[in-house]
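Enquirer: Sequence:
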Amino acid sequence: MIKESNYNYDANTKIMKVMENMIPRFIFNGAQYTDIEKVMANAYDRKSWYNEWIKLGDEYEKLAKKSEEESFFISAKEYYLLASNCYRTSHVIIYQTNEEKISSYKQEILCYQKAAKYFDGELQKVRIPYKETEVSGYLWKPMNIDKPPCVVVIHGADSTKEEYHTFNEYFIKRGVAVLIIDGPGQGESILFSNIHMDNNFENVAKATMDFLQKREDIDKNRIAIAGQCMGAYQALRSAASDDRFKACVAISPFYYLESWTKESVPMALKKMVIHVYNLKGYDELKEFAPTISLENVLHNIKCPVMVMHGSKDVFVEECDAEKIMEEIKATKKFIVYPEGVHALLNHFKESRTKMADWICNIFNEK
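For the sequence shown, the positions run 463 to 828 when our numbering is used.
In case anyone wonders, no lab produced these hints; they're calculated from the structure.
Only a predicted model underlies this, so the values are computations on that prediction, with no experimental measurement involved.
Even for Gly, the Cβ is constructed at its ideal location relative to N, Cα and C.
There could be a bad hint or two in this list.
Unchecked claim - Heads up, simulated BS3-like pairs for lysine-lysine below, C-alpha to C-alpha not over 27 Å straight-line:
id, residue 1, residue 2
1, K593, K576
2, K635, K676
3, K748, K795
4, K682, K764
5, K668, K682
6, K539, K528
7, K568, K539
8, K724, K764
9, K816, K479
10, K579, K764
11, K579, K568
12, K764, K816
13, K524, K479
14, K563, K676
15, K587, K528
16, K479, K811
17, K795, K479
18, K668, K774
19, K774, K609
20, K795, K635
21, K479, K682
22, K563, K476
23, K764, K785
24, K479, K742
25, K528, K500
26, K539, K500
27, K587, K500
28, K748, K764
29, K476, K539
30, K563, K527
31, K774, K742
What the hints assert, rightly or not - So the derived label-pair ranges between C-beta atoms look like this:
id, residue 1, residue 2, range
32, N606, S537, 41 to 51 Å
33, E725, K668, 16 to 26 Å
34, E746, V480, 17 to 27 Å
Assemble the whole structure, with the sequences as input and the hints as a guide.
Expert: As structure tokens, then:
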């Protein structure tokens, strides 16, 4: 459990407001609304937030084990997924690497992998060579398809590959495999291997594509890439550097990381960016942010691209999204949700359905 001395309580009100704004994300990633209500009623700071979600995770993990003992394997899968999600939500409030975050993330992984035994299709833990190390991922293949097409999914900077289960299901249900990785600065890479983010994610994507090209159980000619938030920025860079990607979807991409340093962006997010890029503080972030951009990149994309944006996104202005579309010269589709927030969390179902259907349509044309 988190110790009280670990945190500065002057920011309690602000951090709890950030968590309240993230409720749609928690729900669409698999949390029960009644659990969220329970936690919101009892949590008042980082410590209590973490501890309340850990307690719920422990309860669901016990129910999962009991269901397995009684051979109720569908129930076991559902309880393990709930437990994994609770452990994930416990540490979403922690932006630095520490003992509590590592501990709860290990539980998140453990429960997710136990749930995976009962998934439709096959989920494999994979390790992809990258530079002098490796990045971890899951290759999830749909049932009864020998060589399915595949989407490489790039998650957000503060996300984990386990958190994207419901996102990935949109592809699995349509007969498309998913390879999702914890790239530099994400999940296992930063928490277990201390690998921080840089501005060359396309090198990771190339390694991922090389990995898929060597497999005999994936259609090598039908591989796409999709991402949201930071992952959307990285997906666009990756598509621009590797013509082997046949389609690209970017949900809420930024053009300049500098847009995340605005006063309207919560300090909690800025602290997260500082950590994943291994910066010394906010002053260094302001100097560093302009170097992270899509400038002189997008014209290199050859595959069809879909970009989605919400007009009420406080991180990415619509003019930036329009600039992205203007500089893409390939076949492109731009979808704007006038009431949409960042990552289109208030249009989750509709936007992810459009994403998956559009990619499937591209695959069917090949």
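Enquirer: Give a verdict on every hint.
Expert: Each hint, compared with the structure:
1. K593 - K576: 30 Å, violated
2. K635 - K676: 25 Å, holds
3. K748 - K795: 32 Å, violated
4. K682 - K764: 17 Å, holds
5. K668 - K682: 14 Å, holds
6. K539 - K528: 11 Å, holds
7. K568 - K539: Given that 27 Å is the threshold and the Cα spacing comes to 18 Å, the pair holds.
8. K724 - K764: 32 Å, violated
9. K816 - K479: Distance of about 30 Å is beyond 27 Å: violated.
10. K579 - K764: 38 Å, violated
11. K579 - K568: Holds, at about 17 Å.
12. K764 - K816: Measuring from Cα to Cα gives roughly 21 Å; hence the hint holds.
13. K524 - K479: 31 Å, violated
14. K563 - K676: 35 Å, violated
15. K587 - K528: 25 Å, holds
16. K479 - K811: Holds: K479 and K811 sit about 24 Å apart, inside 27 Å.
17. K795 - K479: Status violated; Cα separation ~34 Å.
18. K668 - K774: 33 Å, violated
19. K774 - K609: Status violated; Cα separation ~40 Å.
20. K795 - K635: 23 Å, holds
21. K479 - K682: 45 Å, violated
22. K563 - K476: This hinted pair holds, its Cα atoms lying about 20 Å apart.
23. K764 - K785: 17 Å, holds
24. K479 - K742: 26 Å, holds
25. K528 - K500: Within the cut-off at roughly 23 Å; holds.
26. K539 - K500: 23 Å, holds
27. K587 - K500: 33 Å, violated
28. K748 - K764: 32 Å, violated
29. K476 - K539: With a Cα-Cα distance of about 35 Å, the restraint between K476 and K539 is violated, given a limit of 27 Å.
30. K563 - K527: 23 Å, holds
31. K774 - K742: Violated. K774 to K742 sits at ~30 Å, over the 27 Å cutoff.
32. N606 - S537: 41 to 51 Å: 24 Å, violated
33. E725 - K668: 16 to 26 Å: 37 Å, violated
34. E746 - V480: 17 to 27 Å: 22 Å, holds
Hint compliance for this structure: hints 1, 3, 8, 9, 10, 13, 14, 17, 18, 19, 21, 27, 28, 29, 31, 32 and 33 are broken, all remaining hints hold.
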